[in-house]
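J.: Sequence:
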Amino acid sequence: MPRPDSAGPGGPAPWATLDDAARHLTLADVRRALVDAPAPATMPRRDDDGRASAVLAALHGGRGDAALDAHVVLTRRALHLRHHAGEVSFPGGRQEPGEDLWGTALREATEEVALDPGSVTLLGELDHLRTVTSESFIVPFVAELPDWPTLRRDPGEVDAVLHVPLADLLHPEAYREERWTFGGQERSLYFFDIVGDTIWGATAAMLRNLLTIVTGTFDEAHRQPPWTIPRPDTE
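Residues 1090 to 1324 in our numbering are what the sequence shown lists, from first letter to last.
It is worth saying that the hints were derived from the structure and are not from the lab. From the three backbone atoms N, C-alpha and C, an ideal C-beta is built for every residue, glycine too. No false leads were mixed into what you were given.
The following label-pair restraints were derived from C-beta to C-beta distances:
id	residue 1	residue 2	range
1	Thr1287	Thr1199	23 to 29 Å
2	Ala1130	Arg1241	33 to 39 Å
3	Pro1235	Asp1125	22 to 28 Å
4	Asp1108	His1311	20 to 26 Å
5	Pro1235	Pro1098	39 to 45 Å
6	Thr1106	Ala1249	30 to 36 Å
7	His1260	Gly1175	19 to 25 Å
8	Gly1273	Ala1141	26 to 32 Å
Starting from the given sequences, assemble the full structure and let the hints guide the process.
T.: And the structure:
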């Protein structure tokens, strides 16, 4: 985790006032919300941008006692990776030549967790973002999977495949926000604490964007502009 110039507490979760029933969302709830979702925020390419990246926020229904709850597929990155080892993220990666970004998201999910691309239904797109340490910007796609998908991790990239109920992410004690400053530029960073893992950084920002949309708590005024400070030489 990079060290900020300074850090302090941030605000509460946008969905903090929702009751428990409103935190249990079905796939039908997610579909309806995304139909009326605001257009995703885009950003211009920078001269020092490399290839764009795409990630897939794939959702499916639960099973057993949680059969009505929507779940999101996340991965814990392999511990031997050079960058972001052990961190929780969406399946995704860099765009290949001649590939559109939706194709990138599907290919990367197929490679990382053996997702069947023919089973995926595109539901929408989230705000594009650029991290302070990244060499490219990221386009997140939201999709639906049928039932409980059979997924297999690629051990070269993935330590574990996580099926996380949205209700767990919306739990009052799961979310926290901090105000960080890098290079004189201050903004909020988001964190989700789930059993065994802390989700932060770009993945947490994308999850927050998704959760505000599906809970009806999205606020245009809370969108953050992209970083404008120069990138460091290393991640």
